[in-house]
Structures are given as structure tokens and as C-alpha cells.
Amino acid sequence: MPNLQWLLKSLLGLCLLTSLAHSAMAQTDTESDKPTSTATTEFETLVHELPKGSLSKRGQTIKALAMVNDERVPSVIEALQQGNLYADRGNPPTVAISSGKDAFIDALSGEAVAADTAEKLKRIPINNRMRSQLRTLLAAININHAQPDIRLNAVKQLISDGVDDDSVELLKTRQSTEPDAKVRDAITIAIALFNVESEDPSARLDAIALFSGSLEPEVRTKLTELATSDDNKQVRTKAQQALNAIEDRIAVYRFGENVFFGLSLGSVLLLSAIGLAITFGVMGVINMAHGELMMIGAYTTWVVQQIFPNQITYSLLIAVPAAFVVAGLVGIAIERGVIRFLYGRPLETLLATFGISLILQQAARSIFSPLNRAVSLPDWMSGSMEINPVLSITYNRFYILIFGLVVFFVLMMILKKTSLGLKVRAVSQNRSMARAVGVRANWVDALTFGLGSGIAGIAGVALSQLTNVGPNLGQAYIIDSFMVVVFGGVGNLWGTLVGAMGLGIINKFLEPYAGAVLAKVLVLVLLILFIQKKPKGLFPQKGRAAAD
Amino acid sequence: MLTQRLLLSDRGGMIVLGLIALTAVIVPILNLAVPHDSIFHVSTYTVTLLGKFLCYALLALSVDLIWGYAGILSLGHGAFFALGGYAMGMYLMRQIGDRGQYGNPELPDFMVFLNWDALPWYWQGFDMFWFAMLMVLVVPGLLALVFGWLAFRSRVTGVYFAIITQALTYALMLAFFRNEMGFGGNNGLTDFKDILGFSITASGTRVSLFVMSALMLILAYLACRYIVTSRMGRIIVSIRDAESRTRFCGYKVESYKLWLFVFSSVLAGIAGALYVPQVGIINPGEFSPLNSIELVVWVATGGRGTLFGAIVGAFAVNYGKTIFTSWSPEAWLFVLGSLFVLVTLVLPKGLVGLVARFKRTNKTPPNDTPDNTPKTPTLKPAEETH
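Listed in order, the protein sequences are those of chains A and B. Numbering-wise, the working numbering puts 548 at position 548 of the first sequence, and it's gapless, one number per residue. Numbering-wise, the working numbering puts 187 at position 187 of the second sequence, and it's gapless, one number per residue.
Only chain A is shown next, with the shape it has when bound in the complex:
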């Protein structure tokens, strides 16, 4: 086991190293405490200087202030830049930062300012030139910040404000020492954006070469400007080339984004359609109340969250089985109460279940009020992952996509590998033969319907994470899910998967050209035309099961 030994050794070494580093850092901390104590006085005098004297003197004070190493500097400069810094006429003056309406915080001590002092406070005036100076100074402070995120934001701030002579020096010094690759790239772009303004055409050309592949909107506007109105022909063509390259990259990311949104829509369609694929595809029952079973699932999520308002993650985990059980039981009740009398009469089943859907909708309206209810998202599902300025992926859609696929494969396994699945398939293929070998067909019918309904409930949980929960929640999806089942081929789960994802992606790709509503209309029309060519869907059932 030499490998294991080596691993243990290296782990031990790592522990040693980290503890060493800790003590070293502790040392530097105690060392660096001393200079700040002298700097504090410098900081205080400079802050006290701020309200006094002419505007030009204030500019110099600000510059000196920015050089001071004190953690309070950024907040003071930011407040001054946004016109939130106030002072009175005392000696030394009280300098305070406004923190909302009539509330002030002392710039030095960080404590709230008493009301009688606050009344005498006046805004420290600054002019436009100082405002931009301050912005650069703030960026300069942040550009050397310990956290890469703040550094990156500072560089982006500089890019969007426009890089000038002072800040470009700052960026150049930082560029050589910057450890983070992302920040370094941003700095390169920022410097190039400055250089591109140069008089010398060759410098402009060099700068344009650095732009390749950058997705910042400022770069694009600059390049567009250069490509149309630069007086040097070579610069114009180069700029156009760079612009084209960037547009191509953007097109790729837009494509990726469309695919993601399409898959996300597809996963919602998949969740709502696989329950239907069981009741409609396997049992041949048209269940128009399917959407309302989804609504029941969504309301279950909401109710569970009302019971555990502080445990959002756990309540979501509880909601999934709870919604399955609640919707499944309602489904079994529908099957036992109504549908079992209507087997073999699909049109009547359709009407009866539509009636049930109306009753369920109105029941939800009476119990939970017609208003929409908002279900809160757990932290790990909210927000989005920004891959670059053009492409970002929202977490809730991402997880629902995964969830949809998991549910799909679990269902597949249930139908293929369990004894219930075997019985379901047996009854759907040949009812009387199944009964002859001892399968309780009625019981299997009820369970199958319950399974399909339960999955609708789970789909409702997923939907509640995307939209508000209301009585009409299910209605919006019912026609689409029928389309998916018909498109994919009745009685075929793989067809449902391909159909859902396909329809989702087609929808999202049509949207930019046709708008959301028209895209939907077009998809419906396309589907109607598609059924012309393949009346049994993408993956028709073959053999005896198909002939009925």
C-alpha cells in the first residue's frame, strides 16, 4: 500500500504547512496593527480637513486620503462620491455618512449620530470633476482589494466608466502582479480600451488585437464605432474583423442559452407529460384533470412550507413525497369514483374528467382564495450562475431539469423492473389474458392511475419553484402536455422525453423571431402538420399492442 502511505504523508505535511501559515499570518497581523494606529490619526485629520477650504484644496485632500491605509477609506470616498457625506461647522467638525432618511453614522467612530448634531449637518459639496476623480480613486482602492470578486467588479466599473490616464497607470501596475486569471483578462481589456483611443494607428491595431473574444458590451460599442468611423482603413477592417469574431462567439452563447432555456421548458413539459403518458399512453384514459392534479401538488408544496416556514430546504424535500401521496390519492379517488365506469369510452372519459377539473379548480379557489400564492425558493435554488456577460444559467431551472430527468428514469425503472410495472404492462397489453393469469386488473388500474397522478403532483412541486401557485396553474400546461404525448407517440415513455425536449427547444428557438405567443401558435400549427405525416407520433407502438 505505498500509495496510501504517500497520501497520509502528504496530508500530514499539508496540515503542518497550514498551521505554519496561520501562525505566520497572525504575526503579520500584529505587526500591521502598529502602522494603522499612526494612520488613524492621519485619516482623522484628513477627514476633518475635507469640509474645509476651496474645491481645489478638497481635491488634494481626497487624493491624500486615498493613499492612507485604513479600512474606513472606501466607505468615506464612496459616500462623498454619491453625495452622502455630511459635516457640521464645528472644530474639529463632525463628519457623518447619511444612511437613509435623517439617519447619520459618524465617519470616524462608526456610531449613529445624535439627533441634535444631525440637524446641523450639511452636505459636503463636490463638482463633476471630483466625482469622476473619486470614482477612479474608489476603483483604485478596490483594485488592490484582497478578494478577487471585488477586484473584478472594480475593473468592470472602470471599463464601464471609461478608462483615463490615471486609472490606466493603476491598471498597468496591477496587471503584472494580479494572480487571478479572470481579473487579469479584464485588466487587459480595460487597458486595451484605453489604448484604442490613441493617436497612433499601430497602437490602435495592437489594442484591437487584444479585444479578440471579449464579450463586454463596451468593447462591442467601441469596435462598432471604430469599424464605421475610424480614419485609418486598416483599423476599420481589423475592427470589423474583431467585431465579427465577437458576434460569432455571442451567437454561439446565444445558441447555448436557447438550448438551455429550451431544455428547461422541455423539462417542465416532461414532468407534466410523463404522468399523462402513463394514464393516457399506458391506460388509454384521457385525463383532463391532469393539470389540476399538478395544481394539487403545487398547493401541497405551499401548505408544507406554511407548516415549516423556516426550513425551506427541508419543506421542499418533504413536499415531494407529500405531493406524490396527496395527488396520487386524489387520482385513485377519481379512478374509483368515475373513470372505472367509463373504460372503453374515451370521449365520455374526456368530458367527465374535464368536469372534475372544473370542480377541483373551483375547490382550490374556494379553499385557497383565487389569488396566487408565492412559494419561496431555498437559497441554493435561487440566483443564477453567470458564465460570461452573455450567458447565465438560473439555478432553479437547472435543478428542475435534473429533477425532471431523475423522475423520468425512476418511472422508467418502476415500469421495467418492478412487479407493479410488469402488471401494468400486462394489463395494458392484454387485459383478459392478464386477468386469466391472476392479475387483479381493477386494482392495477387504480394503482396505475394513482402513479400517473402522483407524478403530476411531483410536477406541481417543480412548477411551484418556477411560478406562483394559483388555481389556474395546471390549465396552462394541459394542452401542451397532450401535445407532447401525441408528438412523442402514445404509450412510449422515450417518445415523451424526446417530444418534451424537442417541443421545448423548438419553442425557445422560435421565440426570438416570432415572440412568445406567436411561437406557441406556430408550434401548435407545426404539430398539427406533423400529425399529418406521422399520425402515431415520433415513436409509434409496433405490433399487437398498437392495433386496437
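Keep in mind the hints are simulated off the structure, nothing from the lab. You may find that some hints are simply not true.
Stated by the list, open to error - Some but not every residue of chain A turned toward chain B, in silico, with C-beta under 7 Å:
| hint | residue |
| --- | --- |
| 1 | Ile286 |
| 2 | Phe341 |
| 3 | Glu348 |
| 4 | Ala352 |
| 5 | Phe354 |
| 6 | Gly355 |
| 7 | Ile359 |
| 8 | Val517 |
| 9 | Lys520 |
| 10 | Val521 |
| 11 | Ile528 |
| 12 | Gln532 |
As the list claims (entries may be wrong) - Cut-off 20 Å, straight-line C-alpha distance, at most; resulting in silico cross-link-like pairs (EDC-like, lysine to aspartate or glutamate):
| hint | chain 1 | residue 1 | chain 2 | residue 2 |
| --- | --- | --- | --- | --- |
| 13 | A | Lys534 | B | Glu254 |
| 14 | A | Lys182 | A | Asp231 |
| 15 | A | Lys172 | A | Glu197 |
| 16 | A | Lys520 | B | Glu254 |
| 17 | A | Lys520 | A | Glu257 |
| 18 | A | Lys533 | B | Glu254 |
| 19 | A | Lys536 | B | Glu243 |
| 20 | A | Lys122 | A | Glu49 |
| 21 | A | Lys156 | A | Asp88 |
| 22 | A | Lys536 | B | Glu254 |
| 23 | A | Lys182 | A | Glu386 |
| 24 | A | Lys52 | A | Glu119 |
| 25 | A | Lys233 | A | Asp206 |
| 26 | A | Lys182 | A | Glu218 |
| 27 | A | Lys122 | A | Glu78 |
All C-beta atoms, glycine included, are put in the ideal place defined by N, C-alpha and C.
The hints should help you fit chain B onto chain A, whose structure is shown.
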């Protein structure tokens, strides 16, 4: 011969048509000639309400013709109704002229609001009554022709047909909600002023529209009756009961279905055109799938497969709706939902079937076995004519 075939052999139909004809005569008299303070006076509101019901009955008739006789369940018949209504609405919009809010003599208000400077091409000609009436027939008919041709040709039947018709009306609803479509978007077409020069709110106009609706319903009933008692009608019924067998006998099933579907959608369009001037508005809500499926329930409640059953159902359900929604709007959806379930579970032949069953139990000992697919007893006497 023809009277025998159309009326005398159809007692239920005769009673229903008689009642409609009677109301069409009495109600106008009670509204116009009887003084306002008399208890026999029928208010204009009631006249309009009855007129609305007549339009619904015509719509139900059109659905019963294809569902009850050919077994084609369309969950999108509301679309044809709404298209007919829009065609009429466009005529009425053009009649407003410069009396609109913005006073534009050419453009309807919503177009001025959207900063359009000219009428779109599809609005041309709607200022002429005859053209609008032609469009009331042509637009729903054409849509049904194209859609039906596509659907029947590839043998889309049963539930599949029901679902794609629902998708059709849903798609149209989404499209008509868009302002860019040029049909008034969300608000639809409203604020009508007059029709053929008569004020649309005047009692006289309302009564005339009511009488027109009654006449149209009677005519449509006779036409439908003519179809179902003809040779073609019997082929259509055989398609309903055994489609493949009929095809193997050499009949062009698709053509029969298509013809009937187009005729039915034109009837629905006429119903819509009569409906719009009476209620004074048409908006995309008429395309909603719920409306279309609700009207299927009218037919189911009345009794599918008997033409007068559809009329009875339309009146019964809508009367119930008027009463319930004024009593408690919340309860109506519960009632409607239960109606769907009850009618399919216990009343497969509807109210008409219930009456028929009563009669039979009173006359002779019950000897009918319950069957699943409702057949049409009214068809039997028709055999004598051939």
C-alpha cells in the same frame, strides 16, 4: 313527403320547433305592444337573453350534427362561432365611422390608439354588409375545410381529433389576444353603434335580431334534419358506428366527414354572427377552450344524437347558468363540473333520453338493454322515404 320526412316523423323536434316559433311570435308582441308597467311586459333584457340562448342553441345544433351523428367530437367549435362573431364585429366596427372616441372616419379606435395609419388589407370590404355576411360563412367554412381536410385525410379520429381541435382554438385565442393581429387584442371589438342603420341598443333592433335568431335556428334545424334523414345522413351514421367497415364498403369516409364538418362550422359561424350584435362585444375569450368544451356539455345534457336534444340542452344549461351565476357565481363551476360527470355517468342519452325512458316504462315493460353508444331512434322512420 318532405314535411313527413322533416317534421311529422320527429315529434320531439316538432314540439321544440313549435315552442321556438311561438316564442318568436309572442315575445316581440309582449315587448313592443304591451305597456311597460303591465306584468305581461317582457323587458328588452329578457329578449336579448333569449336571443343569446337561441344563438347558443344554434351552436349546440352544429356540434350535435357532427358529434351525435358522425361521432366527430370537436372541442374547438367555439373557434368557428368566434370567427363568425368577429366577421360581424368587423362590420359593426366599420359602421361606427367617426363616432368613435378618436373620431377617425376610417380606422376603429383601437387602431388609432396603436398609431396605425391605414386599415389592414383584411379589414377591407367589411363596411359592406353583404361582404361581411359572406365572410361570416366563408371564414369559418374555409378554416374548417383546411383543418378538416388535413385531419380527416390522415385519419385523425376520436380523442386525437378532440385534442387537436382544442389546440386549434387555443392557438387562435393566443393569436387574437395579440394587438398586432389587428382585431382589438385583449378588448376585442365593442362599442358598436348601429347595424344596417338601426341603433343597436333600440328595442326594435333587439327584437328583430331575436326573431332573426329564431328563424335561423328553425331553418338550420330543418336543414340538419334534411341532412340526417337523407341517404348521406345514413352513411354518416354508419361512419359513426363502424368507420372502417363503411370505408371498406367503398364510401369515401373522409369526404363525408369533411362536408359535414364544414357545414357544421358554417352554422357555428352564423350563430356567432347573430350573437355579437345582441351582446354588443366580441373578444378573444370566446376562443377559450373552456367555452368550446362547455358547449359540448350542452349537447350531452340535452341528448346527443337527437337534433332537438341539443337545443333543449343549450336552453337548460344556459338557463341554469344564468340562475346560478346571479345566485352564487362560485357555485356555478361546481354545478357545471358535476353536470359533466353526471351526464356521462348516468345520463348517456341526456334529458331527451330520460324522457324517452319514462315514456317507455309507462307504456310497455322495459325491454331495452343498456348500451354504451347512444344510437339514434329518430332515424328509423326515415327508412320509409327510400
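* Quick one: which hint numbers does this structure break? Sort them smallest to largest. => 14, 16, 21
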